[in-house]
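J.: The residues making up each chain are set out below.
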Amino acid sequence: MSAMIETSGRTRLRWPSARLRRLAILATGLIFPLGLLGLWWISSTRGWLPEQILPAPAYVYQTGRDMILSGELLYHTGVSLGRVIVGFTIGAGLGLLLGIAMGLSERVEDYVKPLFLAFAQIPTLGWIPLLMLFVGIEETLKIIIIAKGAIVPMTLNTLTGIRGVSPRYIEVGRALRFSRWQMLRLIILPGAIPSIFTGIRYGLTHSWTALVGVELLASSEGLGYLLVWGRQMFWLDTVIVAMIAIGLVGFIMDKGLDRVELSIQRWKRQEI
Amino acid sequence: MASASRFVRFRRGITLPILLFVAWEVSSRTGLVDARFLPSLEDVAATAKRELIDNDLIGELGFSLMRNIAGFLIGCVLGVGFASVLALSRIADRLLMPTFNGLKQISLLAWIPLISVWFGFGEQAKIVFVALAAFIPIVLNTYDGMRQAPPDLLEVARALKFNARQKALRIYIPAAMPSIATGVHLGLIYAWLATVGAEYFLAVGPGVGGLVIAGRERFDMALVMVGVLVLGLVGFTLNRLAYALEAYLLRWRPKQTA
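Protein chains in written order, with our numbering: chain A, 1 to 272; chain B, 1 to 258.
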């Protein structure tokens, strides 16, 4: 970091310590949101915008607190998370299997990939009305849609990962007379892990988006339902609280994956 | 494992779809599955014909595409502009990037209720939503690309005393071109997803998404299938277009060994 400051030519203010510097950066980042919050507060106290368009920040805060204390927010978040976990696990598992099957056998790939890609072209949202007619609007619909969100990136990334395993390693495996299973377990899967992980990451993001979509269209509980319900009642405070909860869950999932990815990379480096 | 010839691959590729169609046709003809759930291929084709000729499917599609393109262009211009400001100005970066990073965590579709309150259910709301969908990936990729501008070129720019405009036009934007192209590509895909979403949730006015929703409400499976097929075809075409555009924008670049 200090090297960058020196090469930039101009003399810059130097912070006495790294920690103070980081604090200053953090503080700068907070100026804008705090400014927005201030503007929001002023506009609501002056009554620039009607309450139905923009409720007062204090009111949103209070609603948020009430919803947390009554357990309502936690309940809906739990419902949504449960759906994502089940749907994502199914979708990612199927995607992994499909990706491995296509990765290991060109024949399977030739047979399956065109149809798979054709299905993948249709946006996840597009499937919702079609599936509603087939399976109704109960949990099955949600699980299928969420699984569909995960399966496409998972399959394609697993396939790419397996194809990207260096032929030299496979050669070594052949020389050691590995069985098919050993080959898969000891060479192909470890080699494909970074790419599979990319698949997991995109898959989870897509699943989460799909969940919000399907809950918006057909649900009587969950965070997406809170959004629709608040919208219908013109309770924008509820809508905003639900949006924040959705953002927070997305953020936590993202950070969690970052952690896992980092530890995988560390393991990979040790390996080499 | 030698690669199979083109012909063999083609034969293999169409085997499953053909089997699927045969199974579909047989089960709907023999009444194995209720025709309301699985209309015969003929029914679907007839519906497609009816929608195309009598009910102005092309017009509906036109509406959807107009929205898509309008929103996408707005998102594109704003996205590249916003990302350039962030990448070129350290202060703007520190001021705005944390807020942007926070807001982008909110799943795209979760914006719909708020947008519908602020902008209504009409064209304006849909275009705002599509623009937002395109904006996010374009900002992220443009920003990354500009931040990775080669330092030695920046050194040269400093030595030549380039002003901000010259630096942006001659170094940052060309250096970021591949990333911008990726962002635009993603933006195009997201914009189409958002167009479909906007028509589902802000269901007023013409559009293919509205058609699908109407088909579901009338329990007209054939209509839903036609609609979904059109959604897929448009998505596919947009994706192809994006690839072509990317290749065109990056034609000056020597072929890289990926």
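Since the hints were derived computationally from the structure, they do not count as laboratory data. Note that this is a predicted model, so its numbers are computed, not measured. Using N, Cα and C, we set each Cβ at its ideal position, and we do this for glycine too. Some clues are possibly wrong.
[Said to hold, decoys possible] Label pairs and their in silico Cβ distance ranges:
#  : chain 1 : residue 1 : chain 2 : residue 2 : range
1  : B       : PHE119    : A       : ARG22     : 33 to 41 angstroms
2  : A       : ILE252    : B       : ILE14     : 40 to 48 angstroms
3  : A       : GLN62     : B       : LYS161    : 53 to 61 angstroms
4  : A       : TRP181    : B       : SER89     : 38 to 46 angstroms
5  : B       : VAL26     : A       : SER70     : 49 to 57 angstroms
6  : B       : THR237    : A       : SER105    : 48 to 56 angstroms
7  : B       : GLN166    : A       : THR140    : 55 to 63 angstroms
8  : B       : TYR248    : A       : PHE251    : 52 to 60 angstroms
9  : A       : ASP66     : B       : LEU16     : 51 to 59 angstroms
10 : B       : SER27     : A       : GLY82     : 53 to 61 angstroms
J.: All hints, please: hold or fail.
T.: How the hints compare with the structure:
{"no.": "1", "hint": "B:PHE119 <-> A:ARG22: 33 to 41 angstroms", "verdict": "39 angstroms, holds"}
{"no.": "2", "hint": "A:ILE252 <-> B:ILE14: 40 to 48 angstroms", "verdict": "44 angstroms, holds"}
{"no.": "3", "hint": "A:GLN62 <-> B:LYS161: 53 to 61 angstroms", "verdict": "56 angstroms, holds"}
{"no.": "4", "hint": "A:TRP181 <-> B:SER89: 38 to 46 angstroms", "verdict": "56 angstroms, violated"}
{"no.": "5", "hint": "B:VAL26 <-> A:SER70: 49 to 57 angstroms", "verdict": "55 angstroms, holds"}
{"no.": "6", "hint": "B:THR237 <-> A:SER105: 48 to 56 angstroms", "verdict": "31 angstroms, violated"}
{"no.": "7", "hint": "B:GLN166 <-> A:THR140: 55 to 63 angstroms", "verdict": "59 angstroms, holds"}
{"no.": "8", "hint": "B:TYR248 <-> A:PHE251: 52 to 60 angstroms", "verdict": "37 angstroms, violated"}
{"no.": "9", "hint": "A:ASP66 <-> B:LEU16: 51 to 59 angstroms", "verdict": "53 angstroms, holds"}
{"no.": "10", "hint": "B:SER27 <-> A:GLY82: 53 to 61 angstroms", "verdict": "34 angstroms, violated"}
Comparing the model with each numbered hint stated earlier shows that hints 4, 6, 8 and 10 do not hold.
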